[in-house]
Amino acid sequence: MKKIFLISVILSASIIVNAQKEFYFGPSYTLGASTILKSNGSMGNMNGSMMEGSEMNSDLTFTPAYGTGIRLEYFPTWRWGFFFQCGYQQRGAKFKNYMDNYDPRYKFNQCDFNLGGQFRTKGLIKNHQLLVQLGLTQHYLSSASRIYDTGRDNITDDTRNYDIGIYFGLGVNISIMQKDLIQIIVFTHQGFTEIFMGNMAANSMNGRNLLLGVQFSYLIGKNFNTGKKEN
Amino acid sequence: MDSSIKIRFDMKRRNFIQIASMGTAYAFFGSASSVFISSCRKKSMMDMNMEGVPITVMEGNFDVALPVPPIVGNSVQLTAQQTTHSVFQSKYSAVLGYQSNAILGSTIKVNSGDAINALLQNNLPEPTNIHWHGLMIPAAMDGHPEDVISPGGSFNYNFIVSQRAGMYWYHPHPHGFTAKQAFKGLAGLFIVNDSEEQGLNLPSGNFEIPLVIQDKRVFPDYALDYSPNQGEIMSGYMGPYVTVNGIHSPHLNVNKRNYRIRVLNGSNARIFNLALSNGASFSVIGSDGGLLAVPQTASSLLLGPGERADLIINFGAFSIGEEIHLISKTFSGGTAQGVQEFKIIKFNVAQNNTDTFTLPGVLSVINPIPETAASQTRTFTLSSMNMSGMGMGGHGGMGMNGMMHTINEKTYDPDRIDETVQAGATEIWVFDNSTGEEPHPMHIHGIQFQVLDRTGERNTLISTESGWKDTVMLMPKEKVRVIMQFHQNKGKYVLHCHNLEHEDNGMMLQFEVV
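Taken in sequence, the protein lines are chains A and B.
Per this note's numbering: the first sequence = residues 71 to 301.
Per this note's numbering: the second sequence = residues -15 to 498.
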């Protein structure tokens, strides 16, 4: 965990120090939907033999998620570049078909670090670009709760406090004011780590984080290259 | 290479960033407000749906052996804490307990006359205390709703048990938190023995089985769910899973012989109409305050929240291999209760056993308190009122549309003494639910009473009401008169509805013995 964080920081610093061509940074905001993707069908399923008579099937489904952070991008070449992003991400999952008229949900407050590479096309219309991004994502859990209509329970002890996953995004850079970019990316985070532990794990609950979303960034650009851009 | 990063903000860029930030903020707050609005819409729907709607009980397989809470003596430490417990087989539920990994506290078993030393350590993040339900003890030890122990604090309950044998119980009583803490697991039995009961040679040891019957609701991850909506504050909070001694759907292997089955309805609001699935009758030998004068034969027995019943079931009358369930039969009790028959626990008649027990014809002597001894009659009218804007209620405010349950059109106020009673006085108290639409199990702290009569809907007393009581059920359209002699323990006590949502919602008054 710490190693990945350290590598991320060193790489980011290296990108900044050794900047050669294009550098962007700025705030980013994500809106999306998250859930916990089950490893098997046991989670939250109250139709087990023990619960005979139950008509509930309270599997998990998507719940709204949002986040915000700071994004850095560095392009040593015109087409290929790196990105690093860190910030707050709220995610979770919602139980559907609960017996009451409300659906309890899990809410995870996390600090996310995303690091990866990206490829961009040359401008299709004026200087606007298409982007493909692939990377790793590391989440650190700050708190986890079960939220229901009249309150919340702390379930941090039953939730793993770190998660490593993969990040994939497709998007566009909209060039404005010559150097800056509005970046819109449709992305997914898929965690690799079993997130439940303690009582949750003992109750056969299992699953991995999944986040689907759209990220909006305003990236302030600096071009260090005196050469001409490819067209 | 330009190693310094110089970023010049011209006005256009700054303006753009400002506009973008405002847009983003709008997006966030906009989504938050839409969630809020949708949740409000959901709540009003819940209110409409949950008023008086029964919660269907889900039976299990009855393949878990019944646990019996451990027994401790007159000196005990109880640590109120968040812990886990297997309410369901091989599953772990987040619960509250008086010890780790248990949902119910140990059974405190003492003799009449014993001095009790019970240290309560509060490891909860909220106040708690203990009310010794049914015990006639000094006010300072009774667990008055305002005598609470702060988080991290402790209190030593010291008192002498000066009453007859019986199965009493203990549970939290901090105003506004009672229902939640009891539902999540804080409760335990308090059994008093005496020489009179000893002389009857009632079934004991492995043949004396306490059953704490409760209903629970769990989240899909099995944590106990206590989240009453406004409608459920009015009707009482019920769950679909009926537990016995903290376990859902247990069984007990019994021998072909008589068993003493001591039942506590420890539910917040659910009423049970106890019966045996094969229709066999059983003997009722005791009630809240101990043994009845004579055994009563019954084929069903209504037990409200907080009430106890002492039963003799003769499994010797059944065949080896026979499976008999203790069930709750349907009954008439408002819109939210009694519409479903369900199984509670399974008894497997497993083996023969030599049984020399014969149920005595006389169990005890209970001298009826003559009505002529009463110096005063007080009437407590139970009703629901719209208290909008009055800022009352301990259970997160008022119920549906500002409705609250009241006694004599009042809700609980710790700064108000509602009734003043002379120590040693005999009084008749009338609980009047004539206009009520819901059942109310009425409980008086620090005293045992006798039930004189019931008029209205059922128009009769039931078997347990021939003995000493501390809680009495009032179904809708009923009026019950009770008589009692107040003891010399002076101080502030409360009377309240033992539907714990009603109680936390303010259906409680304060009386002072002077």
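One or more of the hints may lead you astray.
Stated by the list, open to error - Away from chain A, derived, C-beta distances all over 10 angstroms, residues of chain B:
hint, residue
1, Asp178
2, Asp205
3, Asn239
4, Asn298
5, Ile311
6, Ser368
Said to hold, decoys possible - Quick list of the computed label-pair ranges, beta carbon to beta carbon:
hint, chain 1, residue 1, chain 2, residue 2, range
7, B, Gly136, A, Ser213, 54 to 64 angstroms
8, B, Gly137, A, Leu240, 55 to 65 angstroms
9, B, Ser84, A, Ser213, 15 to 25 angstroms
10, A, Asp219, B, Thr363, 50 to 60 angstroms
Please keep in mind that the hints were generated in silico from the structure rather than gathered at the bench.
Keep in mind that this is a model prediction, so the values were computed, not measured.
Quick reminder that beta carbons are idealized off the backbone N, C-alpha and C, glycines included.
Hints, verified against the model:
{"no.": "1", "hint": "Asp178", "result": "holds, 42 angstroms"}
{"no.": "2", "hint": "Asp205", "result": "violated, 6 angstroms"}
{"no.": "3", "hint": "Asn239", "result": "holds, 28 angstroms"}
{"no.": "4", "hint": "Asn298", "result": "holds, 30 angstroms"}
{"no.": "5", "hint": "Ile311", "result": "holds, 14 angstroms"}
{"no.": "6", "hint": "Ser368", "result": "holds, 21 angstroms"}
{"no.": "7", "hint": "B:Gly136 / A:Ser213: 54 to 64 angstroms", "result": "violated, 22 angstroms"}
{"no.": "8", "hint": "B:Gly137 / A:Leu240: 55 to 65 angstroms", "result": "holds, 57 angstroms"}
{"no.": "9", "hint": "B:Ser84 / A:Ser213: 15 to 25 angstroms", "result": "holds, 24 angstroms"}
{"no.": "10", "hint": "A:Asp219 / B:Thr363: 50 to 60 angstroms", "result": "violated, 38 angstroms"}
Hint violations for this structure: numbers 2, 7, 10, all remaining hints satisfied.
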